[in-house]
Every structure is written in structure tokens, then in C-alpha cells.
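Asker: Sequence:
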Amino acid sequence: MSKVTGKARGGKARAENLSPEERSEIAKMGGEARWKLKATHQGILKINGKELPCAVLNTEQRILTATAVYKAFERPRRGPRREYDERIKLPSFMDALNLERYINHDVIERIKVVEYTDLSGRQAAGYDARIIPLVCDLYLRGREDGVLTSGQENIAAIAEILVRSLAQVGIIALVDEATGFQAERPQDALQVFLEKLIRKELAVWVQRFPEEFFENIYRLKGWHWPGMSKNRFSIVGTYIKNIVYERLAPGVIEQLEKKNPRDEKGNRKAKHHQWLTDDVGHPMLASHMQTILTLQRLSIAQGHGWKRFLQTVDLVVPKVGNQLRLPIEV
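Taking my numbering, the leading residue of the sequence shown gets 1, the next gets one more, and so forth.
Honestly, the hints are just simulated from the structure, not real lab data. Yeah, the Cβ is synthetic: ideal placement off N, Cα and C, and Gly gets one too. Treat the hints loosely; a few may be bogus.
Only pairs whose alpha carbons sit at most 27 Å apart, straight line, appear in this in silico DSSO-like list of lysine-lysine [claimed, not checked]:
{"no.": "1", "residue 1": "221", "residue 2": "307"}
{"no.": "2", "residue 1": "38", "residue 2": "71"}
{"no.": "3", "residue 1": "71", "residue 2": "89"}
{"no.": "4", "residue 1": "46", "residue 2": "112"}
Ranges of calculated distance between the beta carbons of each label pair, as one might list FRET restraints [claimed, not checked]:
{"no.": "5", "residue 1": "180", "residue 2": "293", "range": "54 to 62 Å"}
{"no.": "6", "residue 1": "237", "residue 2": "105", "range": "54 to 62 Å"}
{"no.": "7", "residue 1": "192", "residue 2": "300", "range": "45 to 53 Å"}
Take the sequences, apply the hints, and build the full model.
Answerer: Rendered as C-alpha cells:
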């Protein structure tokens with residue numbers, strides 16, 4: 001803790017000169033002022049399959065409970081590891097040292113815990129609801145600068161989904177307010193719309209190919225593994241076509257390449273797996289990937305290289321013919 005100076009030193013000196021009765025009275029007055037904040041409305045905000053308790057206070061401040069904020073970013077709730085300064089204790093979803101560079105005045109204001117009385121008369125604590133987009137921005141800036149750890153990359157992915165979805169809901173709410181339609185729409189219409197948006201975003205983002213799959217390819221080839229943050233060798237795409245898509249089901253790779261062609265620069269607009277159907281294609285891909293991961297692990301454990309691994313793949317999951325069809329989205 002840094003040395004107390006200036007006005008703070010004077011305040012400390014005055015506090016030391018107070019009698020026990022005076023200190024007790026000041027503490028009582030502070031507590032009464034703190035709990036003058038009261039909830040006038042309460043509800044549950046449903047985001048990403050999570051139920052987040054929220055409230056509007058008598059000051060019209062919108063609040064998410066502390067538990068709700070931790071749940072939104074899928075972080076365990078614990079005490080702060082350190083303080084930003086003498087006044088601010090950083091919550092655990094943003095107390096990592098590599099994120100401190102992104103903490104500004106707006107963030108500091110939002111991470112101050114708001115204590116209030118809920119509708120049942122119980123004491124409660126939460127954060128200004130605008131903390132959600134601010135924390136999202138913090139992680140997205142960290143990802144853009146390449147300073148995030150692998151664990152924080154997952155939070156950044158959640159943040160990106162939240163930001164995009166909330167932005168779309170926000171513009172709809174503004175149009176509804178401007179036209180007066182907000183008085184006619186169902187009470188939970190925006191929440192339902194938000195849930196649909198996030199489910200759609202998650203379906204696009206969900207990682208069908210785990211990091212271990214790529215790392216194992218590099219190990220079998222005898223290459224240095226730089227991690228997921230670095231661009232992979234372009235030849236890896238050819239390997240994926242060989243050991244995954246050409247072995248899923250008859251004709252699947254032909255259909256995927258037709259639906260998802262390369263552009264003039266040789267790039268595809270989407271990943272092949274995004275064209276697979278939810279009811280058949282994705283479960284089949286998940287099952288196949290588990291088989292491939294098992295064969296990779298066995299080959300590595302036995303000291304085999306890439307060629308020996310491919311021979312094993314050919315024996316266990318040989319390439320299929322072209323008679324049947326795997327359902328692919330149209």
C-alpha cells in the first residue's frame with residue numbers, strides 16, 4: 001500500500017482524533033446513506049442461456065447483480081487478487097496484470113460496487129449494467145493487441161458475441177422507441193430476439209476443431225507448435241480435407257466445396273463445418289474428430305511420425321465412396 005499523503009493524511013489524522021462514539025455515529029450515517037439506494041423494479045435478463053438478475057434503482061440507475069456479471073463472463077466469483085489503487089479493488093474478471101493498460105476512468109466508475117436494498121428489503125450489491133460492454137471492450141482490445149492468455153481468449157470470444165448481439169438489440173430498441181412500437185411489443189420480445197442472436201453467433205463460433213487437434217498435427221510432422229494465436233501453415237488445410245472431410249461420408253467434400261467455394265484470392269467465406277446440419281452433420285463430425293484425436297494420441301505415444309499416423313487412419317477410417325449423401329444446409 002502506498003504512503004498516505006495530502007488531504008488523505010489530514011483525513012486520517014482527524015479520524016484518529018475522533019472518539020469511539022463519534023466514529024460509531026459517522027459509520028451509522030454512512031451505512032444509512034448507502035442503503036438509501038433502493039430497487040424500484042427487478043427482473044431477470046436472459047443472455048446466452050444464463051439468467052442474470054437485474055434491477056432499476058430509485059436513481060434510475062440500471063444494475064446487474066454482482067453474481068450476474070461473473071456469470072455473464074463465465075468467471076468464478078472470488079475476492080480481488082490485488083487493488084488498482086488505494087480506492088479501487090479490481091473484480092476477478094478483470095484483475096489480470098495484462099489487462100491493466102485498458103482500465104480507464106469509465107471502467108473505474110463502472111466497477112465500483114453499488115449497494116442497495118432490493119424489493120424484498122434485503123441488502124444487495126451489483127454493478128452498473130453498462131459494465132458489460134466496457135468489460136467486453138477491454139478483452140477485445142487485449143485480443144487485438146495480442147496480449148491475452150489462452151484462457152482469456154475464451155472470454156474475448158464471449159465478449160465479441162455479446163457486443164455484436166447487444167448492438168443489434170440496441171438499434172431495434174431505439175427504432176421501437178422512436179416509432180412508439182415499444183408500447184405494443186410483447187414485454188420480453190427484445191430478450192427473445194437477443195437469445196436467438198446469441199445462439200446463432202455461438203453456432204458460428206463454436207470450436208469444432210480443438211486446439212489439441214492442430215497441435216498434434218505439428219507434433220506428428222516434427223514442427224514447432226507456436227500456439228493458436230499464430231497463423232498455421234496453409235498445408236494444414238489440405239491435411240484437414242484428407243483426414244476429416246474426405247472420410248466423413250460419401251460425397252460430403254464435393255458438396256461442401258460446391259457450397260463453400262474459394263474466391264479469387266483462394267479464401268473461403270466460411271468454415272466447411274458451418275455448412276453441416278445440426279441434426280446429422282455436426283454429431284457425425286464430433287464423432288469422427290474424437291476418433292482422429294484418439295489415433296493422434298496413440299501415434300504420438302508410440303513415437304510414430306506423420307506417415308505412420310496416416311497409415312493408421314487409412315486402416316481405421318478409410319476414405320469413403322461416392323454413393324450416399326450427408327445432409328448439408330441449403
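Asker: Work down the list of hints and note, for each, if the structure agrees.
Answerer: Hints and how they fare:
For the proposed pair residue 221 and residue 307, the alpha carbon gap of about 9 Å is at most 27 Å, so the pair holds. Distance hint between residue 38 and residue 71 is fulfilled; the C-alpha atoms sit about 23 Å from each other, no more than 27 Å. Between residue 71 and residue 89 the alpha-carbon distance is near 19 Å, which keeps this suggested pair within the 27 Å criterion. A C-alpha spacing of about 23 Å is found between residue 46 and residue 112, which places the hinted pair at or below 27 Å, so the restraint holds.
Distance hint for residue 180 and residue 293: a CB-CB separation of about 55 Å, consistent with the stated range 54 to 62 Å. Between residue 237 and residue 105, the C-beta spacing of about 45 Å breaks the proposed range 54 to 62 Å. At about 47 Å, the CB distance of residue 192 to residue 300 agrees with the hint of 45 to 53 Å.
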